[in-house]
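Colleague: Here are the chains, one letter per residue:
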Amino acid sequence: MERLRLVENPVDRLARSVEALLVIASKPLTVGELAAVTEEDEERVETALGLVAGRFREGRSGIVLEHVAGGYAFRAAREAADACARLVERPVQRGLTQAALETLAVVAYLGPVSRPEIARIRGVAADSAVAGLVERGLVSEAGREREGGAVRYEATPLFERVFGLTDRSELPELDELGGDVEELRSRLEDVAARRGA
Amino acid sequence: MERLRLVENPVDRLARSVEALLVIASKPLTVGELAAVTEEDEERVETALGLVAGRFREGRSGIVLEHVAGGYAFRAAREAADACARLVERPVQRGLTQAALETLAVVAYLGPVSRPEIARIRGVAADSAVAGLVERGLVSEAGREREGGAVRYEATPLFERVFGLTDRSELPELDELGGDVEELRSRLEDVAARRGA
Amino acid sequence: MAVAVRELPLDLDAFEGPFDLLLTLVLREELELRDVDVAEVVLAFVESRAERGELDLEACGEFLVLVAALLELKARGLFPDEGLDLEGLDPEEAAEELAERLAAYRRFRAAASWLDERLEAESDRFFRLGAAPLAPVPSRALAQQDPAQLAAALRALAVGSPEPSLRHLVLTYPPLARFLDRFRTLLRSRGRFAFDNEVDRLSRIEQIVAFLALLELRKRGEAQIAQAGPFEPITVWNVSAS
Numbered sequence: 001m002e003r004l005r006l007v008e009n010p011v012d013r014l015a016r017s018v019e020a021l022l023v024i025a026s027k028p029l030t031v032g033e034l035a036a037v038t039e040e041d042e043e044r045v046e047t048a049l050g051l052v053a054g055r056f057r058e059g060r061s062g063i064v065l066e067h068v069a070g071g072y073a074f075r076a077a078r079e080a081a082d083a084c085a086r087l088v089e090r091p092v093q094r095g096l097t098q099a100a101l102e103t104l105a106v107v108a109y110l111g112p113v114s115r116p117e118i119a120r121i122r123g124v125a126a127d128s129a130v131a132g133l134v135e136r137g138l139v140s141e142a143g144r145e146r147e148g149g150a151v152r153y154e155a156t157p158l159f160e161r162v163f164g165l166t167d168r169s170e171l172p173e174l175d176e177l178g179g180d181v182e183e184l185r186s187r188l189e190d191v192a193a194r195r196g197a
Numbered sequence: 198m199e200r201l202r203l204v205e206n207p208v209d210r211l212a213r214s215v216e217a218l219l220v221i222a223s224k225p226l227t228v229g230e231l232a233a234v235t236e237e238d239e240e241r242v243e244t245a246l247g248l249v250a251g252r253f254r255e256g257r258s259g260i261v262l263e264h265v266a267g268g269y270a271f272r273a274a275r276e277a278a279d280a281c282a283r284l285v286e287r288p289v290q291r292g293l294t295q296a297a298l299e300t301l302a303v304v305a306y307l308g309p310v311s312r313p314e315i316a317r318i319r320g321v322a323a324d325s326a327v328a329g330l331v332e333r334g335l336v337s338e339a340g341r342e343r344e345g346g347a348v349r350y351e352a353t354p355l356f357e358r359v360f361g362l363t364d365r366s367e368l369p370e371l372d373e374l375g376g377d378v379e380e381l382r383s384r385l386e387d388v389a390a391r392r393g394a
Numbered sequence: 395m396a397v398a399v400r401e402l403p404l405d406l407d408a409f410e411g412p413f414d415l416l417l418t419l420v421l422r423e424e425l426e427l428r429d430v431d432v433a434e435v436v437l438a439f440v441e442s443r444a445e446r447g448e449l450d451l452e453a454c455g456e457f458l459v460l461v462a463a464l465l466e467l468k469a470r471g472l473f474p475d476e477g478l479d480l481e482g483l484d485p486e487e488a489a490e491e492l493a494e495r496l497a498a499y500r501r502f503r504a505a506a507s508w509l510d511e512r513l514e515a516e517s518d519r520f521f522r523l524g525a526a527p528l529a530p531v532p533s534r535a536l537a538q539q540d541p542a543q544l545a546a547a548l549r550a551l552a553v554g555s556p557e558p559s560l561r562h563l564v565l566t567y568p569p570l571a572r573f574l575d576r577f578r579t580l581l582r583s584r585g586r587f588a589f590d591n592e593v594d595r596l597s598r599i600e601q602i603v604a605f606l607a608l609l610e611l612r613k614r615g616e617a618q619i620a621q622a623g624p625f626e627p628i629t630v631w632n633v634s635a636s
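Residue numbers (our numbering), protein chains in the order written: chain A, 1 to 197; chain B, 198 to 394; chain C, 395 to 636.
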């Protein structure tokens with residue numbers, strides 16, 4: 001066994017490094033990039049890629065090496081396309097988390113509103129919750145408070161569709177919390193200040 | 198060739214589907230998830246995972262199957278670590294401070310737990326440490342203590358993945374770690390006795 | 395390193411000796427906590443660290459837990475009527491609590507160093523974060539949602555928790571220096587101020603620390619304090635200006 005190791009074809013080892021790099025990369029890698037990070041020359045990397053391509057091809061493996069415009073990357077084998085489609089379309093989270101819901105409620109009722117303001121009302125940093133809602137398209141940027149001020153956010157038309165509203169005036173009423181947006185805002189800020197620390 | 202295909206062990210095909218799913222997944226997949234999207238039963242998925250594990254292991258492949266964070270995922274082989282380190286940054290684990298690690302330990306063991314509770318154990322406010330951990334994705338919000346109460350936090354699956362834990366039960370027992378109340382107490386009493394004498 | 399904290403030499407008005415002995419005496423009620431200047435203890439610690447010219451995190455952590463516990467005991471002493479379960483904490487119980495607090499902290503510190511070692515051992519384990527380059531793109535459709543959820547979330551945020559009792563109060567301590575600075579500024583600029591107005595919007599624990607700061611200013615002769623009777627407003631004024 002030890003003997004076998006010693007006579008291992010050195011390109012095999014490089015091929016394994018290439019596999020490792022491709023499985024952790026979040027974009028296709030060029031021969032030049034692979035050569036740079038493996039500290040090998042491009043010719044040897046090409047040879048290694050040949051070995052990887054033989055091992056990872058349709059019919060032989062569920063992982064397939066693909067040469068695309070930007071370089072090399074792994075993709076799923078075509079025979080597994082249905083399962084892969086079910087995986088990505090799987091309703092990962094049909095509902096919204098508590099953090100997302102609270103943030104969305106603040107933006108929907110008080111928007112346009114800045115992240116610091118949302119954070120003050122919720123009592124915790126709002127960065128990741130806001131980023132998540134922006135990514136889902138439920139919230140979008142709506143200018144700044146003033147020049148050089150914080151970016152403000154508002155609810156989007158997609159938000160209205162998802163919640164079945166024609167416009168913001170159809171949001172459930174919160175009369176008991178104050179007549180208008182300003183009153184609601186100052187009430188929320190008061191409660192948050194008292195809850196603080 | 199065509200003939201060979203026909204007598205192929207049906208688990209081989211399922212194993213290839215599992216490989217395909219794992220190479221496109223952005224987080225570990227549980228046996229249940231794999232069974233659901235391949236429309237197979239869990240037992241057969243486990244068998245297929247056994248085949249995949251044999252194929253993708255240290256020394257044999259640059260891609261390694263691991264059982265982590267309650268599911269299965271591919272990672273790079275350890276022998277390729279140097280090349281990987283040259284390719285990608287590791288923003289999650291880089292530069293975790295002592296304060297961050299202590300806070301993470303409290304959340305991992307006691308979560309869901311609020312910032313005031315963490316502060317009580319550590320003796321200092323936990324706000325910035327918690328915010329940093331949320332930003333890294335190691336900790337996330339997990340509802341509130343009660344309506345209007347403090348937000349609570351828990352460790353994420355990414356925490357288990359980064360630390361290479363199959364699940365939370367792999368953390369050492371808290372009782373076996375450090376601190377012995379009796380020992381501390383008798384130390385305090387000792388000094389007092391010496392003083393009294 | 396823990397030894398260094400325990401043996402931290404202190405030279406206070408009310409006490410001279412190692413930190414560990416101070417704790418013991420306080421717990422045995424041989425020394426009144428109200429006579430102990432916690433700020434001086436903190437200063438002594440900071441100075442001892444500065445002399446070593448190195449940041450010893452282990453010692454800092456242990457020190458912070460002990461000082462926080464001391465401050466909490468001191469705060470409890472100032473509000474003896476509140477929190478039924480906290481009343482009449484005898485020295486035995488206090489010692490037990492202090493030891494338990496420190497033991498709990500040490501367990502988590504040990505857990506933190508376990509995590510640190512684990513991270514080191516896993517430093518050659520790389521995996522991809524996020525989507526694979528050639529993965530199918532999900533549509534991320536969100537199911538239809540009920541707008542009533544939004545109203546409920548906002549109502550919950552608008553309803554304050556019930557008036558906090560000390561029983562639930564979990565203590566974090568703003569630095570005493572913050573209030574010392576603020577009050578000194580007020581005394582310089584206005585000559586006198588109403589304590590209640592300054593702390594009105596603060597949390598209970600901030601009010602406690604603010605009050606400790608007030609006592610500190612008086613002890614140092616920087617301020618005079620007057621109160622017409624229990625629960626009446628407290629007036630503070632600058633000694634030199636009066």
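Treat the hints with care, since some could be wrong.
Claimed, not checked - What follows is a set of in silico ranges between Cβ atoms, one per label pair, in the way DEER data are often shown: (1) B:Glu236 / A:Leu158: 48 to 54 Å; (2) C:Asp594 / A:Leu158: 42 to 48 Å; (3) C:Pro532 / A:Gly148: 34 to 40 Å; (4) B:Ala250 / A:Glu58: 21 to 27 Å; (5) B:Ala250 / C:Arg595: 56 to 62 Å; (6) C:Ser583 / A:Val151: 35 to 41 Å; (7) A:Gly143 / C:Ser583: 22 to 28 Å.
Everything labelled a hint here was simulated from the structure, so no lab data went into it.
Just so it is clear, CB atoms sit at the ideal spot from N, CA and C, and this is done for glycine as well.
Colleague: Now, for every hint given, state plainly whether the structure supports it.
Modeller: Hints, one by one, checked against the model:
1. In this structure, Glu236 (chain B) and Leu158 (chain A) break the distance hint of 48 to 54 Å, their C-beta atoms being roughly 32 Å apart.
2. The given range of 42 to 48 Å is respected by Asp594 (chain C) and Leu158 (chain A), whose C-beta atoms sit roughly 44 Å from each other.
3. Evaluation of the 34 to 40 Å hint for Pro532 (chain C) and Gly148 (chain A) yields a pass: the beta carbon distance comes to about 37 Å.
4. The hinted range of 21 to 27 Å is satisfied by Ala250 (chain B) and Glu58 (chain A), whose Cβ atoms lie roughly 22 Å apart.
5. About 60 Å separates the C-beta atoms of Ala250 (chain B) and Arg595 (chain C), a value consistent with the hinted range of 56 to 62 Å.
6. At about 36 Å, the CB distance of Ser583 (chain C) to Val151 (chain A) agrees with the hint of 35 to 41 Å.
7. Checked against the hint of 22 to 28 Å, the pair Gly143 (chain A) and Ser583 (chain C) fails, with Cβ atoms roughly 38 Å apart.
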